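The hints should help you fit chain Z with the ligands onto chain B, whose structure is shown.
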Amino acid sequence: MLHIKDLHANIDGTEILKGLSLDIKPGEIHAIMGPNGSGKSTLASVLAGNEDYEITGGSVTFGDKDLLDLSTEDRAREGLFLAFQYPVEIPGVSNINFLRTAVNEIRQYKGEEPMSAGDFLKLVKERSALVELDGKLANRSVNEGFSGGEKKRNEVFQMAMLEPKLAILDETDSGLDIDALKIVAQGVNAMRSPERSFVVITHYQRLLDYIVPDFVHVLYKGKIVKSGSKELALELEARGYDWIKEEVSA
Amino acid sequence: MAYAGDDELLEHVTGKEYEFGFTTNIESDKAPPGLNEGTIRLISQKKNEPEWLLEWRLEAFRIWSEMVEPEWAHVQYEKPDFQAISYYSAPKKKAQLNSLDEVDPELRRTMEKLGISMEEQKRLSGVAVDFVLDSVSVATSFKEKLGELGIIFCSMSDAVQEHPELVKKYLGSVVPKTDNFYAALNSAVFTDGSFCYIPKGVRCPMELSTYFRINEAGTGQFERTLVIADESSYVSYLEGCTAPSRDENQLHAAVVELIALDHAEIKYSTVQNWYPGDENGKGGVFNFVTKRGICHLRSKISWTQVETGSAITWKYPSCILKGDHSVGEFYSVAVTNKRQQADTGTKMIHIGKNTNSTIISKGISSGYSQNSYRGLVQINKSAKNARNFSQCDSLLMTDHCGAHTFPYIEVKNSSAKVEHEATTSKIGEDQIFYCLQRGISEEKAISLIVNGYAKDVLNKLPMEFAVEAQKLLAISLEGSVG
Ligand SMILES: Nc1ncnc2c1ncn2[C@@H]1O[C@H](COP(=O)(O)OP(=O)(O)O)[C@@H](O)[C@H]1O
Ligand SMILES: [Mg+2]
Numbered sequence: 274m275l276h277i278k279d280l281h282a283n284i285d286g287t288e289i290l291k292g293l294s295l296d297i298k299p300g301e302i303h304a305i306m307g308p309n310g311s312g313k314s315t316l317a318s319v320l321a322g323n324e325d326y327e328i329t330g331g332s333v334t335f336g337d338k339d340l341l342d343l344s345t346e347d348r349a350r351e352g353l354f355l356a357f358q359y360p361v362e363i364p365g366v367s368n369i370n371f372l373r374t375a376v377n378e379i380r381q382y383k384g385e386e387p388m389s390a391g392d393f394l395k396l397v398k399e400r401s402a403l404v405e406l407d408g409k410l411a412n413r414s415v416n417e418g419f420s421g422g423e424k425k426r427n428e429v430f431q432m433a434m435l436e437p438k439l440a441i442l443d444e445t446d447s448g449l450d451i452d453a454l455k456i457v458a459q460g461v462n463a464m465r466s467p468e469r470s471f472v473v474i475t476h477y478q479r480l481l482d483y484i485v486p487d488f489v490h491v492l493y494k495g496k497i498v499k500s501g502s503k504e505l506a507l508e509l510e511a512r513g514y515d516w517i518k519e520e521v522s523a
Numbered sequence: 102m103a104y105a106g107d108d109e110l111l112e113h114v115t116g117k118e119y120e121f122g123f124t125t126n127i128e129s130d131k132a133p134p135g136l137n138e139g140t141i142r143l144i145s146q147k148k149n150e151p152e153w154l155l156e157w158r159l160e161a162f163r164i165w166s167e168m169v170e171p172e173w174a175h176v177q178y179e180k181p182d183f184q185a186i187s188y189y190s191a192p193k194k195k196a197q198l199n200s201l202d203e204v205d206p207e208l209r210r211t212m213e214k215l216g217i218s219m220e221e222q223k224r225l226s227g228v229a230v231d232f233v234l235d236s237v238s239v240a241t242s243f244k245e246k247l248g249e250l251g252i253i254f255c256s257m258s259d260a261v262q263e264h265p266e267l268v269k270k271y272l273g274s275v276v277p278k279t280d281n282f283y284a285a286l287n288s289a290v291f292t293d294g295s296f297c298y299i300p301k302g303v304r305c306p307m308e309l310s311t312y313f314r315i316n317e318a319g320t321g322q323f324e325r326t327l328v329i330a331d332e333s334s335y336v337s338y339l340e341g342c343t344a345p346s347r348d349e350n351q352l353h354a355a356v357v358e359l360i361a362l363d364h365a366e367i368k369y370s371t372v373q374n375w376y377p378g379d380e381n382g383k384g385g386v387f388n389f390v391t392k393r394g395i396c397h398l399r400s401k402i403s404w405t406q407v408e409t410g411s412a413i414t415w416k417y418p419s420c421i422l423k424g425d426h427s428v429g430e431f432y433s434v435a436v437t438n439k440r441q442q443a444d445t446g447t448k449m450i451h452i453g454k455n456t457n458s459t460i461i462s463k464g465i466s467s468g469y470s471q472n473s474y475r476g477l478v479q480i481n482k483s484a485k486n487a488r489n490f491s492q493c494d495s496l497l498m499t500d501h502c503g504a505h506t507f508p509y510i511e512v513k514n515s516s517a518k519v520e521h522e523a524t525t526s527k528i529g530e531d532q533i534f535y536c537l538q539r540g541i542s543e544e545k546a547i548s549l550i551v552n553g554y555a556k557d558v559l560n561k562l563p564m565e566f567a568v569e570a571q572k573l574l575a576i577s578l579e580g581s582v583g
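Which chain is which? The protein sequence lines are B and Z, in order.
Here the first sequence stands for residues 274 to 523, numbered as in this note's numbering.
Here the second sequence stands for residues 102 to 583, numbered as in this note's numbering.
In case anyone wonders, no lab produced these hints; they're calculated from the structure.
It should be emphasised that the depicted structure is a prediction, and the values quoted were computed from it without experimental measurement.
Ideal Cβ positions, reconstructed from N, Cα and C, are used throughout, including at glycine.
Treat each hint with caution, since some may be false.
Claimed, not checked - Derived pair list, reagent style BS3-like, types lysine-lysine, alpha-carbon separation capped at 25 Å:
no., chain 1, residue 1, chain 2, residue 2
1, Z, Lys301, Z, Lys246
2, B, Lys409, Z, Lys556
3, Z, Lys545, B, Lys383
4, B, Lys398, B, Lys338
5, B, Lys291, B, Lys494
6, B, Lys424, Z, Lys556
7, Z, Lys301, B, Lys424
8, B, Lys383, B, Lys395
9, Z, Lys527, B, Lys424
10, B, Lys438, Z, Lys545
Said to hold, decoys possible - Label-pair ranges, simulated between beta-carbon atoms:
no., chain 1, residue 1, chain 2, residue 2, range
11, B, Lys395, Z, Ala575, 27 to 33 Å
12, B, Glu508, Z, Gly503, 57 to 63 Å
13, B, Glu399, Z, His521, 43 to 49 Å
14, B, Ser500, Z, Gly503, 49 to 55 Å
15, Z, Val169, B, Pro364, 51 to 57 Å
16, Z, Ala575, B, Pro299, 37 to 43 Å
17, B, His276, Z, Phe507, 54 to 60 Å
So here's chain B without its partners, still in its complex pose (with noise of 0.2 Å):
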């Protein structure tokens, strides 16, 4: 479903990712692990296509599509989400008015007819259930006055609403507590599926013990440098990153 080939991107002049490459298939769910600053939310603006950075080698297929070529909005219709570390406020703008319009312009890029409001109102109530989002966050402005747990939820919720083949949750679990995490975590397993696959990005082992990965890649200075089983996590956690950066380094 995404196969990355030795890519290299920059920002600013400075190279960030220097020849990542990685391999999802439909329905299996990628953890990506690694220090701070070594390039995991790069790796995620540039899937979906943030143009400060500039992609100088590598391929992206995603689908029988080169993703590279796609603007951010095709890309999204395409089915790639991107949960992001910060989400952003749209002040006046409701929650569920831009769900809606994210709904029906995916749709409409599909051929299909926009959803009728009942069929929307309904798919709302559905999926904000399973992030336990209160019902009226559905009518605030996106993002605006929500609490950071309030954000990731959202962020979770709109991917349920979105369904996506493809679903990147940059740090979703960072600043939740345990309830909160076991939600989020909740609401991802609801979505699994043999056609969706997940890169969930996080710092902390913790998150994996309620969304279960098939594979757990170390992200090190812009390169996957070890990939493993689950068990690869539990030992990151035990042991810290000194040993891969040594291993590396070596």
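Using the frame of chain B, we list chain Z with the ligands on its own:
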């Protein structure tokens, strides 16, 4: 910022002709250019006016002749040549119209192009439309229904003929001839406009709406509007306009006077979309308007405006809060793009006790435009316990545009409470990226963000107008981020 497709979008928008840039070929009966006492006598005679009104006009002309054009607004332009303007033009076919079928087919087409087909207006929204084309009203609807309630809604010319006592009593009572340069000019040469009177205790059951349109090349437009809400009455009045594109600048100097008698309420909403001029600001409408209302005991006046058009806008809808416990409100969204210049705001003059005013101004600047808010809150000595809240926000879409805020506050009574808040922000690339990542196009993203920003004001508009206004904001700002 350079999202994919940005350039195409810009090209598409800049290449786009002004949407309503067409003219109508209705034969007109037009005065030669120039302004002197003779011109004024001609206008008055053509309109078959009573002697007192001619004298009133002539006095206004004398006052105007001694005035100098104001310089203080934060705008720059080449001053109009007042002698090059023709001050009177009327469609030749001026017949009594009993139904839409009798309306000139050319005019009907104009209305349809404007998207305000009267049939539709009538059917969908129950709006009575008094369509003003080139200074002479040619179609009036719903007159009968309103008549049953004693509501008068007609052209100013008709009001002068049919209700001279009301016109004589209130004309110039809120905006005197001496008020300012353009108001004096308007008083001398106004040719038409709308008149509305709501009798005591009557709640007008529908939104009253007038669409203005400047039509003849080189014809100045001097509208005069008078709305009188008698004791304990209510009216919601809508004003919307659009104009054909032109090479020479078109001057528009309207005067609007509102009178809210004891316990009455007037809601006055405007969506203004006049031709803003081309890329270099050439050819747009000059919009110099004086709008003011007076509030008597426990009455209320709300001005709501969405300003997107004109090359230059100079406009300060104001409230004189004369009666105790009276309320004045001003809600404004002003969009400037390209080379547009807007200097708008309001004046709230508190005279009565316990008077209350609210000002919400949302400026949106794009392109190379200049957008200024100028507001005066004046609390007189007599205005015990007066309250004002002002919020003036500016949103910048590009690095080349300007937003300016000039709040003036004069407080002469120490029991007053005046609060002023102001913010300036640039439209967020991160907000747009967030929208794009959810599959929303850049155009829609801007529209969402801008409409969200202006929501507090748009919410004050009557429903059908709000929808129109949202579309207008989106059109005015398409592809304008940079
Ligand atoms: N504008 C920039 N210019 C240069 N370096 C940058 C810029 N923005 C981010 N970086 C660097 O990119 C690296 C990767 O950042 P990021 O992808 O956010 O890491 P992570 O998400 O793994 O913590 C960091 O070292 C950061 O300092
Ligand atoms: Mg990060």
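Verification of the supplied hints:
1. Z:Lys301 to Z:Lys246: holds, 17 Å
2. B:Lys409 to Z:Lys556: Cα-Cα ~19 Å, so holds.
3. Z:Lys545 to B:Lys383: Cα-Cα ~18 Å, so holds.
4. B:Lys398 to B:Lys338: Violated, at roughly 33 Å.
5. B:Lys291 to B:Lys494: Roughly 7 Å between the alpha carbons, so the hint for Lys291 of chain B and Lys494 of chain B holds.
6. B:Lys424 to Z:Lys556: Measuring from Cα to Cα gives roughly 22 Å; hence the hint holds.
7. Z:Lys301 to B:Lys424: violated, 53 Å
8. B:Lys383 to B:Lys395: Cα-Cα ~21 Å, so holds.
9. Z:Lys527 to B:Lys424: Judged against 25 Å, a Cα distance of about 23 Å means the pair holds.
10. B:Lys438 to Z:Lys545: Holds: Lys438 of chain B and Lys545 of chain Z sit about 23 Å apart, inside 25 Å.
11. B:Lys395 to Z:Ala575: 27 to 33 Å: holds, 29 Å
12. B:Glu508 to Z:Gly503: 57 to 63 Å: holds, 58 Å
13. B:Glu399 to Z:His521: 43 to 49 Å: For Glu399 of chain B and His521 of chain Z the Cβ distance comes to about 46 Å; the hint holds.
14. B:Ser500 to Z:Gly503: 49 to 55 Å: holds, 54 Å
15. Z:Val169 to B:Pro364: 51 to 57 Å: violated, 43 Å
16. Z:Ala575 to B:Pro299: 37 to 43 Å: At roughly 38 Å between Cβ atoms, Pro299 of chain B and Ala575 of chain Z fall inside 37 to 43 Å, so the hint holds.
17. B:His276 to Z:Phe507: 54 to 60 Å: Since His276 of chain B and Phe507 of chain Z have Cβ atoms about 58 Å apart, the given range 54 to 60 Å holds.
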